[in-house]
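Visitor: Now for the letters of each chain:
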Amino acid sequence: MSEALKVPIMADMMTAGTTPDILFWVGSAGSFDDRAKKITRAFVKLLNKANVNFAVLGTEESSSGDAAKRAGNEFLFQMQAITNIEVMNMYEVKKIVTCCPHSYNTIKNEYPELGGKYEVYHHTEFLQQLLKEGKLKISGDTFKGKKVTFHDPCYLGRANEVYEAPRELIKSLGVDLVEMKRNKLNSLCCGAGGAQMFKEPEPGSMDINVLRTEDAMETSAEIIATGCPFCNTMMTDGVKAKDQEGKIEVLDIAELLAKSL
Amino acid sequence: MKYIDNILFIAILTAGLWFFAKNIKSLVRNIKLGKDIDRTDNKAARWKNMAKIALGQGKMVRRPVSGLLHIVVYVGFILINIEVLEIVIDGVFGTHRIFTKILPDSVYGFLIGNFEVLAFLVLVAVIIFWIRRNVIKIARFWNNEMKGWPRSDGNMILYFEMVLMTLFLVMNATDIHFQEMNTGNVISQYIAPIFSGLEDSTLHMVERGAWWLHIVGILIFLNYLYYSKHLHILLAFPNTFFANLNPKGQFTNDANVTKEVMMMMDPDADPYAMPAEGAEEEVATFGAKDVTDLSWVNLLNAYTCTECGRCTSECPANLTGKKLSPRKIMMDTRDRLEEVGKNIDANNGEFKDDGKNLFDWITKEEIWACTSCNACVEACPVNIDPLSIIMDMRRYLVMEESAAPAELNNMMQNVENNGAPWPYNQMDRLKWVDE
Ligand code: SF4
Ligand code: SF4
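Order-wise, the sequence lines are chains S and L. The opening residue of the first sequence carries number 2 in the numbering used here; numbering runs sequentially from there. The opening residue of the second sequence carries number 302 in the numbering used here; numbering runs sequentially from there.
Read the hints as simulated data drawn from the structure, not as lab findings. Glycine included, every Cβ here is placed at the ideal spot set by N, Cα and C. Hints are supplied without guarantee of correctness; some may be wrong.
As the list claims (entries may be wrong) - Listed below are several chain S residues computed to face chain L (Cβ distance under 7 Å; list not exhaustive): (1) Asn74; (2) Ile83; (3) Glu111; (4) Cys155; (5) Ala160; (6) Asn161; (7) Gly175; (8) Gly194; (9) Phe199; (10) Leu212; (11) Asp216.
As the list claims (entries may be wrong) - With beta-carbon atoms standing in for the labels, derived distance ranges: (12) S:Lys185 with L:Asn726: 37 to 45 Å; (13) S:Gly116 with L:Lys653: 54 to 62 Å; (14) S:Glu134 with L:Lys438: 33 to 41 Å; (15) S:Lys241 with L:Gly622: 30 to 38 Å; (16) S:Gly141 with L:Ile428: 51 to 59 Å; (17) L:Leu356 with S:Lys185: 53 to 61 Å; (18) L:Gly622 with S:Lys136: 43 to 51 Å; (19) L:Glu561 with S:Gly141: 29 to 37 Å; (20) S:Ala242 with L:Met565: 42 to 50 Å; (21) L:Lys448 with S:Lys136: 57 to 65 Å; (22) S:Asp22 with L:Leu535: 25 to 33 Å.
What the hints assert, rightly or not - Pairs of lysine-lysine residues, derived as DSS-like cross-links and limited to a Cα-Cα distance of at most 25 Å, are as follows: (23) S:Lys185 with L:Lys349; (24) S:Lys182 with L:Lys438; (25) L:Lys624 with S:Lys118; (26) L:Lys353 with S:Lys96; (27) S:Lys7 with L:Lys560; (28) L:Lys353 with S:Lys200; (29) L:Lys336 with L:Lys732; (30) S:Lys46 with L:Lys732; (31) L:Lys665 with S:Lys200; (32) L:Lys360 with S:Lys182; (33) S:Lys38 with L:Lys732; (34) S:Lys50 with L:Lys732; (35) S:Lys96 with S:Lys133; (36) L:Lys333 with S:Lys260; (37) S:Lys241 with S:Lys200; (38) S:Lys185 with L:Lys360; (39) L:Lys560 with L:Lys336; (40) L:Lys336 with L:Lys323.
Generate the whole structure from the sequences, applying the supplied hints.
Guide: As structure tokens, this is what we get:
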């Protein structure tokens, strides 16, 4: 992918005397992880297409602290949170959108008590809004008739009860949305949450992402749609472990939409 | 000797209630060993939760089979207790079926008729429950933590209920006068023929026997509760009332940490400042090492848990063979709390260090296997939160003992040094734009 993206940076806008309508919180995975960077680019493509007046913090962004907090390091989390809040409050940020349910959850629910009060959207919620307002037009041709299943990220679904926005977006693609046996509030974790992403699992009979991939395979879906960079990695690995590469694709909803412009 | 029955009855009743009150007192004392947190905000939402989840069994029916069977037992249990009121009055005053004197026959018959049907349904439901546990062997009743006492406890409760319901029906079936009334004996009329060969006097003795065993059985059951997972029939109500109302993804921000972090980050702060007057603060432990470091709601949760295993059967770690089981977290917390309670009782109200803590029950391996996915919290029919105990124990391990797994220490070091969980340079945060 080498299309030129317009990515305004907060500090530059401040110098130019302009303010964005919304801050795009890229997150550490979205900034550094090779697979997640593609999701970030797809989302920005959509923002550009819809002419959204946004900005990123760039090098002023730092880890949200989610992984540290779930690992039990409350000190490190609060240090990160308070540093980020200082930066965002300096820029008078009011609205935030992010592709990462972990950043979404912690900024939305855990930052306010520490002085960071913002309106926070997951990218699927934000994209749904753009679609509704007619700012973004999706053609239903690219994936027409394909079988797609959606894997609920724990930190979007159970943690914040957002179940419909991602599903509405998927339906707008003219695809056949099939549910796994465990879905929405009964959804099964991909295995990455609670800082598991950064360590080997404890001894057991199988890996969680493989079990979840089996759930997806039961639906005979050709595409597993995700809404979280960690879920994406876990499901991609699961598909590999089950020798389903070439049969099942794992794509973020932002990617599905960006391919359907 | 005319009043000997009444006196005996009153003595048994008083003893039963006295022991029960004593148990409740220890229970409340133990729960109060937990740390104070405020769960009295937003009363409207709390009452609503209690009405929907405890009273209305809203989360039970997510699993329709066990949910519906449970509603039968629950409704039966509550309504049949109206009959216990009559038994108590009869027992105290030496009357017989006092309500027949107060209520018209048709009303009395209607009530007892309904109780009989309920008793029969409860009996059927309880037998199905027993079959599910012992014959079909549904997996969640056979996990590791369900060996020994927890398994016998589960069956004991079922036997209790079978016996109590049978006694109630036999009592009605052998009550000559009640059968002659022929109203309300919807079920018992079919049991009566079994006893038809007996003399009236023998029949009367059987009736009295069933009557006494029934009420004594109820009192024993009442006192069995405290030693059993069956406490949920009482505690489900406060437990759902005091449950967390925030989004499930929102974990608490430790206020002690906030204080310290704010101090560290405030350039004007005086590091040698004296603490405010009178604030002889004890050094707070971060996270939870033992039950007394948990909140009282965690401890209430532990006593409320009915060991149904719905949490564990949805836990991704447990489903993939890891040692972690959210139900075991609750059972261990309760068992340790009981031990701490007994320790206090044995030492004149002061806890004497026994060299043990919650980590003697719950291993680090279990604590680190959790993905914080909230499936257990969502699945629990009475809104118990095993995850918050796991997180508090992680906090203790990391902040007090620096005992995180090495990979997590790496991750945290990266966050500290470069603001990302991976070893990338903060200055490269925008590289994705041009890739
Ligand atoms: S939050 Fe932890 S204990 Fe609860 S279901 Fe998920 S992995 Fe299991
Ligand atoms: S915590 Fe809740 S779901 Fe789990 S065993 Fe106890 S009562 Fe059942």
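Visitor: All hints, please: hold or fail.
Guide: Comparing the hints with the structure gives:
1. Asn74: holds (5 Å)
2. Ile83: holds (6 Å)
3. Glu111: This hint holds: glutamate 111 of chain S lies near chain L, its Cβ roughly 6 Å from the closest one there, short of 7 Å.
4. Cys155: This interface hint holds because 4 Å falls under the 7 Å limit.
5. Ala160: OK, holds: alanine 160 of chain S within 7 Å of chain L, min 3 Å.
6. Asn161: With a minimum Cβ separation of about 5 Å from chain L (threshold 7 Å), the hint on asparagine 161 of chain S holds.
7. Gly175: violated (30 Å)
8. Gly194: Since chain L brings a Cβ to about 4 Å from glycine 194 of chain S, closer than 7 Å, the hint holds.
9. Phe199: Holds. Min distance 4 Å.
10. Leu212: holds (6 Å)
11. Asp216: violated (11 Å)
12. S:Lys185 with L:Asn726: 37 to 45 Å: At roughly 39 Å between Cβ atoms, asparagine 726 of chain L and lysine 185 of chain S fall inside 37 to 45 Å, so the hint holds.
13. S:Gly116 with L:Lys653: 54 to 62 Å: Violated, since glycine 116 of chain S and lysine 653 of chain L (Cβ atoms, about 43 Å apart) do not stay within the stated range.
14. S:Glu134 with L:Lys438: 33 to 41 Å: Hint violated: Cβ distance 55 Å, outside 33 to 41 Å.
15. S:Lys241 with L:Gly622: 30 to 38 Å: Violated, at about 21 Å.
16. S:Gly141 with L:Ile428: 51 to 59 Å: With Cβ atoms ~55 Å apart, the hint holds.
17. L:Leu356 with S:Lys185: 53 to 61 Å: For leucine 356 of chain L and lysine 185 of chain S the Cβ distance comes to about 25 Å; the hint is violated.
18. L:Gly622 with S:Lys136: 43 to 51 Å: For lysine 136 of chain S against glycine 622 of chain L, whose Cβ atoms are near 48 Å apart, the range 43 to 51 Å holds.
19. L:Glu561 with S:Gly141: 29 to 37 Å: With a Cβ separation near 54 Å, glutamate 561 of chain L and glycine 141 of chain S fall outside 29 to 37 Å, so the hint is violated.
20. S:Ala242 with L:Met565: 42 to 50 Å: holds (44 Å)
21. L:Lys448 with S:Lys136: 57 to 65 Å: holds (60 Å)
22. S:Asp22 with L:Leu535: 25 to 33 Å: violated (53 Å)
23. S:Lys185 with L:Lys349: With a Cα-Cα distance of about 23 Å, the restraint between lysine 185 of chain S and lysine 349 of chain L holds, given a limit of 25 Å.
24. S:Lys182 with L:Lys438: Holds, at about 23 Å.
25. L:Lys624 with S:Lys118: violated (39 Å)
26. L:Lys353 with S:Lys96: violated (35 Å)
27. S:Lys7 with L:Lys560: It is violated: about 41 Å lies between the C-alpha atoms, which goes past 25 Å.
28. L:Lys353 with S:Lys200: violated (40 Å)
29. L:Lys336 with L:Lys732: violated (47 Å)
30. S:Lys46 with L:Lys732: The hint holds at about 16 Å.
31. L:Lys665 with S:Lys200: holds (14 Å)
32. L:Lys360 with S:Lys182: OK: lysine 360 of chain L and lysine 182 of chain S at ~18 Å, within 25 Å.
33. S:Lys38 with L:Lys732: holds (9 Å)
34. S:Lys50 with L:Lys732: Status holds; Cα separation ~21 Å.
35. S:Lys96 with S:Lys133: Holds, at roughly 19 Å.
36. L:Lys333 with S:Lys260: Outside the cut-off at roughly 57 Å; violated.
37. S:Lys241 with S:Lys200: The hint holds at about 19 Å.
38. S:Lys185 with L:Lys360: holds (15 Å)
39. L:Lys560 with L:Lys336: holds (18 Å)
40. L:Lys336 with L:Lys323: Distance ~23 Å between lysine 336 of chain L and lysine 323 of chain L Cα, so the pair holds.
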